[in-house]
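Fit the two chains together into the complex; they arrive one by one in their own frames, and the hints show the way.
The lines below spell out each chain.
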Amino acid sequence: MSSDMYKEIILDYYKNPRNKGTLESPQSVARDSNPLCGDVVEMQLNFSDGKVSEIKFNGDGCAISQASASMLTEVVMGKTIEEVRKIDKNVLLENLGSPNLGAVRIKCALLPLKVMKTALYQYLGESITREESNSLS
Amino acid sequence: MLEPEIAAHPLDLEKIRLDFPILKRTVHGKRLVYLDNAATTQKPQQVIDAISDYYSNYNSNIHRSVHLLAEEATEAFENTRLKVQNFINAQSTDEIVFTKNATEALNVAARCTTSSLKPGDKIVVTEMDHHSNFVPWQQIAKEKRAQLEIVFTTEDYEIDESDLESKLDGAKIFAFTHMSNVLGTINNARKFTRIAHEKGALVVLDGAQSAPHIPVNVQDIGCDYFALSAHKMLGPTGVGCLYGKRDLLLKAPPFLLGGDMIREVHRDRTTWNDLPWKFEAGTSNIADVIAFAAALDYLTRLGMKNLQIHEQEICKAVLAELSKIEDLEIYGPKDPERRGAVFAFNLGGIHAHDIASILDAEGIAIRSGHHCAQILMEKLGVPATSRASFYLYNGYDDVDALSKGLHKVREVLN
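Protein chains in written order, with my numbering: chain V, 1 to 137; chain C, 1 to 414.
For the record, the hints were derived by calculation from the structure and aren't laboratory data. Among the clues, some could well be false.
[Stated by the list, open to error] With a straight-line Cα cutoff of 30 Å, these simulated DSSO-like cross-link-like pairs (lysine-lysine) come out: (1) C:Lys404 - V:Lys107; (2) C:Lys324 - V:Lys7; (3) V:Lys20 - V:Lys89; (4) C:Lys408 - V:Lys15; (5) C:Lys404 - V:Lys7; (6) C:Lys30 - V:Lys7; (7) C:Lys324 - V:Lys15; (8) C:Lys199 - C:Lys251; (9) V:Lys15 - C:Lys379; (10) V:Lys79 - V:Lys89; (11) C:Lys316 - C:Lys408; (12) V:Lys20 - V:Lys7; (13) C:Lys408 - V:Lys7; (14) C:Lys191 - C:Lys83; (15) V:Lys15 - C:Lys30; (16) V:Lys20 - C:Lys408; (17) V:Lys107 - C:Lys408.
None of the values given here were measured: they were computed from a predicted structure.
If we strip away everything but chain C, and leave its shape as in the complex, we get (with noise of 0.2 Å):
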């Protein structure tokens, strides 16, 4: 049995939970214990609630028409850009651009920093990105006859340094990963940046895993562009956001063409709207960009440097309790200070989906695959991956049904 040390813990679980109705819910006649944060996250009532409320109250579509519902509409719709300006501390709401979701996000900072790439010009990604961060980037090299450099990954799961700086070395653009949604490490990004920088390239950060789990400052990494997720930080699906800087995405060419993003369309020649609406046309997921401000301020209130905290703690149980187990390989950093609280794994020579099937069983929700990053699990030289991902409502007795859930897997199987 774990002991938890509930006294140093910053978040409060009980009344966390409290909040997420389908926890309350059983699987399989068990406890739901839900570790598949990294692929999305739960809801918090507050923000279905935002959902309901703006669909019964003042459903509307925003920015064009006069009424009192649209006002209302667009006006909740615009405080959601303010609140993520707020949450990773860009300059302006300028900055925010709402796409359906992170992958989209990464298509637009692709298409934004690539218009005028010539050939033999140079993109650099690393072996831990995301598929939604590798393959815009290898698709519009070989449109435009760009070369793609991979970074390599160490024995430590970490970014190799000396490679990157010598791929970088005439760069045009250097996307890659905050967070490792495979590995779990946290990429020094503010440092990356700045090497990236020093040799004139400009950089794309996927924040997709990180911005749900660590406090993220996108003026003190310094960063040209970042991606985020709505639904991986509780939420609703169907959002995502592009931070750009103004200047940069002031000069790039818009992504979609319609209604919305336009000025004003003459028969031989239309001009674009302003930021940030130049990149968002037609009618935006307005009912769930509103419901991400809810979980906005549910993280704000609870605070990103305690969840941090509260992750870190779960870190080292689960590092501990899967330790103990025989044949268990974890693929990520040993250090809790170094990752997040998503750990891929495999037991023996049993399939992930085998290993999934059998915790779901016991009511325990994890994901089995390649978690969209094909060229990582090649390089660590497995098919695929179980993978258990952590967030605020977990705690000791999730590590703990995990553990014993994973004892039970090896008892049926070998």
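If we strip away everything but chain V, and leave its shape as in the complex, we get (with noise of 0.2 Å):
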């Protein structure tokens, strides 16, 4: 491997991302964009029983952004709403294989979990926090 970065886990799910495409009629939707790679994610979600029931993303972007979303769809689908609640930064960096990422691509794994974080609380009429906020970006 030629770089700490590109970790087996991040290869994978870029090059077979899971979840890619669209649901027909998601119940909650939220994109955004990180200026510096222009990557753009988009998560879709589904709710039942106080659960995820279906989720997928769409985006655009660098490896570490497409396979960092690809693989939180799959920590996410099932998991109660309150477990969602507290997948972190911490959460999403170790499913990612703990990447040396750096102090700027960071961001590019952060997006989806900030879009997945806005999607939630969207459906729950709430609105994510300055701090949670802050912490993703």
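Below is the structure:
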């Protein structure tokens, strides 16, 4: 491997993205972009019985952002709303194999989490706190 | 492997590299291959020493105090102005204004040329201009209800001359780049200036990329204004220059108001200082302007013509090596005579930032993104590109490293 950044997990999700596509009528959709790479990530979620019942992402951008989005959909799927609330930066990075991203490229990895959280809060009629938003950008 | 033509080479790279302390460091355990020169260049020891010498030995404010330190500092500061004048062959030091960067120089030029603009008047720029030679004109056009026309780029990455001719009809100002920071295209500044003048337009030339790489003679080109950036030509950050023809600068209103740029201040009116100080309000970036002289000396000693020949050789090698990489597309002229050694490219569907990160792990520094040229990116139909840009300390070994690095990128991400 030439770079610590491109861990096997990241390359796997980048080359074979899971849950990429569009839900027919999602209960919540959020979308955001990262001005650095021009990464765009959209998350679509459906909920039932207090759990995430369906999730898909769409997007365009660098390997880090797109792999992170795909991986996150798998982590979130089937979890209860309370469990999803608890997913933070550390959980995300651990699931990506704790890559050494550096201060700049870490924003690429965090974007999908920020978008997913935004979609969750939107569904709950809440909004993302400034503190959480700052921790994810 | 490349076959270096050392004998034909005008620059002694081994000797040059010894002058740049940063080139001794490693990046991720690898030799630093610095290919982000269009963003900023590295500094030779001579420039670093000049900064330290000023602060250690004669730090003081310029132009005002009468003590010896101030005299020495003023002399050194004004000495840089003389060197800039000679470097671009301006007629007098009155025509050289120090700014904080090329962007500020272009903003000053935009204010100088548009103070009497009327609604409906036409400003012409090109698709290959950097944001700093685009946004000021766009915003002034909005303010003054003037028209902004954008000249097209051809499929060969050159300015479309027939489009230029027609858009310049009735234009008041033509602002364009001497050398594109993305495409590498070197525009025929003399010819385009002549056309613009025939149509009655003033010419503002962005030389941020040309002044570091090719000989520039503003009188020969005939342009009315010319902007350059010190840090892109071995000098420190925080220094730019605006050249303006003397009679135009005399008539133009000052840009920033305050200390140093005045002659007399009365309760109800103020008169302006002589050129060029009328445009240099407040305390300037004294240390860095002084150190810029060391950079100009360095370039002059090597010879800009030699530097240009060196970069053309590098261009040939880069074009030959990169053409061997499958799916690699270079956005820029293929003729080394018509371009500088800056190469914007994409590699298949791989995102520019992924390319930059993998090359970084190999010790290779390149730029990725839109390069402050979003109009051009839109025209090329790409969100971003990678960009490798070379300078006088780069050699065939760096071209080779880039080529190997790009093969590695394909290996990792394909």
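Results of checking the hints against the structure:
| no. | hint | in the structure |
| --- | --- | --- |
| 1 | C:Lys404 - V:Lys107 | holds, 28 Å |
| 2 | C:Lys324 - V:Lys7 | holds, 28 Å |
| 3 | V:Lys20 - V:Lys89 | holds, 22 Å |
| 4 | C:Lys408 - V:Lys15 | holds, 16 Å |
| 5 | C:Lys404 - V:Lys7 | holds, 21 Å |
| 6 | C:Lys30 - V:Lys7 | holds, 20 Å |
| 7 | C:Lys324 - V:Lys15 | holds, 24 Å |
| 8 | C:Lys199 - C:Lys251 | holds, 21 Å |
| 9 | V:Lys15 - C:Lys379 | holds, 29 Å |
| 10 | V:Lys79 - V:Lys89 | holds, 17 Å |
| 11 | C:Lys316 - C:Lys408 | holds, 22 Å |
| 12 | V:Lys20 - V:Lys7 | holds, 20 Å |
| 13 | C:Lys408 - V:Lys7 | holds, 15 Å |
| 14 | C:Lys191 - C:Lys83 | holds, 26 Å |
| 15 | V:Lys15 - C:Lys30 | holds, 28 Å |
| 16 | V:Lys20 - C:Lys408 | holds, 27 Å |
| 17 | V:Lys107 - C:Lys408 | holds, 24 Å |
Violation of the numbered hints given earlier is absent; every hint is satisfied by the structure.
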